[in-house]
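Q: Those protein sequence lines, which keep their order, are chains Y, A and W.
For the first sequence, my numbering begins at 81 and goes up steadily by one.
For the second sequence, my numbering begins at 2 and goes up steadily by one.
For the third sequence, my numbering begins at 20 and goes up steadily by one.
What the hints contain is simulated information worked out from the structure, not anything from laboratory work.
One or more of the hints may lead you astray.
[What the hints assert, rightly or not] Output of the computed footprint for chain A on chain W, the stretches with three or more beta carbons under 8 angstroms from beta carbons of chain A: (1) 79 to 92; (2) 155 to 164.
[What the hints assert, rightly or not] Which bits of chain A does chain Y cover? Going by a derived footprint, with three or more residues having C-beta under 8 angstroms, they are: (3) 75 to 88; (4) 97 to 109.
[To be verified] Derived contacts from chain Y toward chain A, CB cut-off under 8 angstroms, selection only: (5) L107; (6) S156; (7) T160; (8) D162; (9) R237; (10) S267.
Predicted, not measured: the structure shown is a model, and the values here were computed from it.
C-beta atoms are modelled at their ideal positions from N, C-alpha and C, and glycine is treated no differently.
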Amino acid sequence: MWRDALLVASKDVRIELRSRVALWQVLPFAVLVLVLFGFALGPGPATLRSAAPGLYWLAVLFSTVLATQRSVAIESGEGTRDGLRLSGIDPGGVFLGKAAAVALQLVAVQVLLGAGLVVLFGVRLEAWWLALVASVLATIGLSAAGVLYGALSAGLRVRETLLPLLVLPIVAPVLIAGSRAWSAAVSGAVGPGTSWLKILGPFAAVYVAVGIGLYGPLQETS
Amino acid sequence: MDPAVHLRSAVALAGRFPALSGVDLDVAPGEVVAVLGPNGAGKTSLLRACAGLVPVTSGDAVVLGCDLREDRTAVRRRVGLLGHDASLYDELSAAENVRFALRAAGVSSRVATARADGALDRLGLVGRLRRTPALRLSAGQRRRAALAVLVARAPELWLMDEPHAGLDAGARSLVASLVADAATDGAAVVLTSHEPDLSVPLADRVVVMAGGRVAEVRPGGRDVAAAPPLLVAVKGDDADVA
Amino acid sequence: MTAGAVQRTKAVTRWVGLAALVTTGLTVWLGLWVTPPAKVQGTLARLLYIHPPIAWVALYCAFGVAALSSLLYLWRRTRSLFWDRLGASAVEVGVIFTALTLVTGSLWGRPTWGVWWTWTARLTSTALLLVLFLGYLALRRVPAAPEVRARRSAVAALVAFVDVPIVSFSVDWWQTLHQRGTVLNPGLTLKVHGSMAWTMGLGFLAMTLVFVWMVMVRYRIEALADQVGDEELEISLSERWAEGDGPAPAPPRVPEPAGGGR
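Chain Y with its partners taken away, still in its complex shape:
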């Protein structure tokens, strides 16, 4: 399964490097969201700074939807979907591989967004390690949940509209816990901040486990 996961992940990453969808669409979109929030919440630096963690995570969530759409689109051709099913790759491996590729893109998005937060919103992280751990756990959870729902909506004509409706409520806990953990990291209140990791951790674990277990049945859409 791990070998298969690596194979699928490297395939998806290679396709991404060739098509540059993440580079030219997902990353600019994330920054755009950040800037638009800046417009919406006005130029007052105090408001912006206090809202920054929430905005950061909202931008990450939207980017997750985009990255997942793209990840599904790679396998959207009738031929490639059949090819993957006929290939003998373990479905759990396909899930892990695709989730890993999405996670990698989310890491890039978050690096950029983090920089944007510092530059545009004047945010300073007091406890950067807390923010980092929260981001890592959240990234795992988001990409697992995203790819799982991506498989659920794969091959449907209404995929583009259905996927956000399905994914966004599911990842609401990540938004909540991520924002709180980052708020704590910004204010330096490490104690209450770390307790949010107790939500991000289980969320990631649960969705990785569920994904490995249920991806197989989901591939069988005919």
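Since the structure of chain Y is already known, use the hints to place chains A and W on it.
A: Only chains A and W this time, still in chain Y's reference frame:
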């Protein structure tokens, strides 16, 4: 010997439509069967059911010893399907596509490279064509790349949907030689076609489908003794293409 | 199902429906005319006879049934379209009850808290649950073969259920950070006794019966739709088979084998 494909009254649904309404078909290893019939006769569904992609909902279906009614995933890695829509990743080159298929089947990296090279050579995808992303290949070249995947995987059962579609004369005779070689190596081949002139000479048996079932079976035109001249013709045509 | 069983199910449905009607009527009568207004909240407290029972049906009965039936569908040994239909019916009814929970809660909240909506943990996670299951229903509306739809829906329901405890945990913690005690506390600590207590009990019974009845009816619609589908399938199967009897296409010519290049 056990048949490679054994279908009895097999029914398969596409959504709620009975794409196969009760197919009886046996294909022996080393045999080439051409499936003819009008559009919507169920030819493609037959291939997809044999590949374990479409569930058979009633009747018997045993492919390569696997009972598809029980488990239709086990057989998949042992069959090769050339679909209408070439199973290629657009951003990857022909060579990378073939290599991915082989690596997915558990072949080690070095062996995969060698086998992919061999298959691509055979299909006349050489030099620049090998490294070009599939997106920028012509329809015929994509078809060749998809065939290379099939050749490289060397499955026990070849399921080819309209293998001649969109190919030039050279590639068509190439298909003929690939099919003949696969059968000689003991693989069973089921191919669909709208062009009897091209497919019947390749086949041991011709099956005419209509209404989602086998309406008629006829002898095919495959003559084992005729294989050498066919191969000569292939080489000549191939040289023209390359 | 045999004809006898169908008749029996129909009869049971009718009786359950009747019982639901009677108990609901009784609850209304007791709740509006018989019981006295509460000391603190006055007549507003009458929502107590209806809001908690609706919430109970929405959050526990409906989604509990849906979770269980999704699990039983996915488990190979118990796989049957029965569970799929049951789960779908339960979610559909559950969505209505969840919406009613929010509406009745809101009606209560406006006079009690002064606002239609507060971001309390309970309200927020209920609203999220509603959206989750609206997604499930949206997914179900996508046309697909019954088995495919069943598998997809069961997975979606389970994935959503896994999320429910995480959502409620996170929302709980989230809210404790921002709690404004003054807004929240009154109203939740109503003393319930005497006729009020058992009117509320009756309310629970009534709403549960309504739920059971609605699910039974919904299930029957679903089953009949599938039956129609099966009959249509039978017909199209025989039609399709007959297509093969038509005049056979002209026998293909066998060309010269060596003539390869055309």
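Q: Hints the structure violates: just list their numbers, smallest first.
A: Hints 1, 5, 6, 9 and 10 contradicted; others consistent.
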